[in-house]
Amino acid sequence: MMGLAGILLALGLLIFLAYRGVSILLLAPLMAMLAASFATSALLGLYTQVFMTSAGGFVISFFPLFLLGAIFGRLMDDSGAAKSIAAGLVARLGSGQSILAVVLACAILTYGGVSLFVVAFAIYPIAASLFREADIPKRLIPATIALGAFTFTMTALPGTPAIQNAIPMPYFGTTPFAAPGIGILAALVMFGAGQWWLMHRAARARVRGEGYGIHDDATATPNDAMRQRSAGEGYDLAEISTTDTVAAPVTAVPGFSLSVLPVVVVVAANYVFSGIVIPSWNIDYLSEPLFGAVGLSNVLGLWSIILALCTAILVLIVLNWKRLASLRTSLDAGANASVLPIFNTASLVGFGAVVAALPAFAMLREVVLDLGGDNPLISLAIAVNILAGITGSASGGMSIALSTLGDTYLEMGHAAGIVPDALHRITAIATGGLDALPHNGAVVTLLAICGLTHRDSYGDLAMVAVVFPLVSLVVAIVAATIFGAF
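When we follow our numbering, the leftmost residue of the sequence shown carries the number 1, and every step to the right adds one.
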């Protein structure tokens, strides 16, 4: 019981102190050692041999995705492509569809691999202008951006290069397009319910005579937002850089078609590399100890995303060569922006590894595994969602769950006749939901960008980023249980 008390105390302090703005880089190892101190005196051994080994393993596996995703997002921002996509959608849909235009603009960018933080900074000024013109309450802007950037494109849509879709691949031997039917079904639930909610709330505000309101719409700078979130905890993708957040000026904004093309390239190249090109290669050398003695399934997903992002970056540079005032500045800023997010997530992985090594974890493990009865999808979904909520990080919660229980769930899935693709998609979808609780870094930063508070906007944001993703998760589990992966 003392060991269990230590784990719960460490988790509670992790949530509280992260919400207060303490860096995850400091919190994760300190809280891991606090939990361990209730059960053992081998603290240094746990830190160097368990915490650091697990954290380092995560960096080794996923740093290329964080790096390339950050660079791609930076180039989309600095070239003006991100704003061009938003403006193009507004022109095509009309100002009367302001909410839908903002949601789709965010969705297109994040599905193409652009950081949700880059998207928030790029889209907010456009959203503010549209909402003011349509006299829609400004308090709905954070929820509108969150629906497009934080939900279905991050976890559900097949092929997304988001890290939430990449982390399950080495555990289950899957690709980014695992269980596409389940993912699309869940995405439709999130998008449809979220869009209905926002339109309903806007209509109610109109009946009450509530308009945009009186606000100072000066856009918060990245540095302003980062100061409100001192260490960027909870960030899940290639977040804004803490060292170089001033976008390089562009000489001209690309047209809508040219702006969308790199996004299309990411998804299309991902599919081609994972389904056609890489499987045709002779990769017998992977069975050698030098390469880890692994099979194609262990690397296929990661390789395909790496190659897809590299291809899209090259296309983006070629199309916008004259528009990028300083390619070196953009590349450097993108590379710098990748470091903090991956080390934050890796630290959470190390925390989870230490907790899993403690004797009391065996009790928690059995409780979690029994939650779903004979259906491991239910247990898996609950474990991932709870851990994502505790850490305030979708990728962090997923990484802890899979690093400690991934092999167990794979075995349970085989025993229950559930294919790995279904496990992958349910895991990814389960990361969205409780991760967007008030202490999440993305939530705090989005509100700071919009100049609003939790009291102003969190209720609507919670509906589209917490409640409806949880509903979609239930739908996905039912579909996967009845029909399998499709």
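None of these hints come from the bench; they were simulated from the model. Keep in mind that this is a model prediction, so the values were computed, not measured. Note that CB positions come from ideal geometry on N, CA and C, so glycine has one too. Just to be clear, a hint being listed does not mean it is correct.
[Claimed, not checked] Restraint-style ranges between C-beta atoms, simulated for each label pair:
{"no.": "1", "residue 1": "ALA42", "residue 2": "HIS414", "range": "42 to 48 angstroms"}
{"no.": "2", "residue 1": "ALA268", "residue 2": "PRO289", "range": "34 to 40 angstroms"}
{"no.": "3", "residue 1": "GLY56", "residue 2": "ARG208", "range": "35 to 41 angstroms"}
{"no.": "4", "residue 1": "PHE63", "residue 2": "ILE214", "range": "41 to 47 angstroms"}
{"no.": "5", "residue 1": "ALA325", "residue 2": "VAL471", "range": "19 to 25 angstroms"}
{"no.": "6", "residue 1": "ARG132", "residue 2": "ALA416", "range": "17 to 23 angstroms"}
{"no.": "7", "residue 1": "ALA268", "residue 2": "MET2", "range": "52 to 58 angstroms"}
{"no.": "8", "residue 1": "VAL478", "residue 2": "HIS414", "range": "29 to 35 angstroms"}
{"no.": "9", "residue 1": "GLY255", "residue 2": "LEU13", "range": "50 to 56 angstroms"}
{"no.": "10", "residue 1": "THR408", "residue 2": "SER129", "range": "48 to 54 angstroms"}
{"no.": "11", "residue 1": "GLY292", "residue 2": "VAL264", "range": "32 to 38 angstroms"}
{"no.": "12", "residue 1": "ARG132", "residue 2": "ALA42", "range": "30 to 36 angstroms"}
{"no.": "13", "residue 1": "GLU133", "residue 2": "ARG204", "range": "18 to 24 angstroms"}
A quick look at each hint next to the structure:
no. : hint                                  : result
1   : ALA42 <-> HIS414: 42 to 48 angstroms  : violated, 35 angstroms
2   : ALA268 <-> PRO289: 34 to 40 angstroms : holds, 36 angstroms
3   : GLY56 <-> ARG208: 35 to 41 angstroms  : violated, 55 angstroms
4   : PHE63 <-> ILE214: 41 to 47 angstroms  : holds, 46 angstroms
5   : ALA325 <-> VAL471: 19 to 25 angstroms : violated, 45 angstroms
6   : ARG132 <-> ALA416: 17 to 23 angstroms : violated, 53 angstroms
7   : ALA268 <-> MET2: 52 to 58 angstroms   : holds, 55 angstroms
8   : VAL478 <-> HIS414: 29 to 35 angstroms : violated, 21 angstroms
9   : GLY255 <-> LEU13: 50 to 56 angstroms  : holds, 51 angstroms
10  : THR408 <-> SER129: 48 to 54 angstroms : holds, 51 angstroms
11  : GLY292 <-> VAL264: 32 to 38 angstroms : holds, 33 angstroms
12  : ARG132 <-> ALA42: 30 to 36 angstroms  : violated, 60 angstroms
13  : GLU133 <-> ARG204: 18 to 24 angstroms : holds, 20 angstroms
Checked against the numbered hints given earlier, this structure breaks hints 1, 3, 5, 6, 8 and 12; the rest are met.
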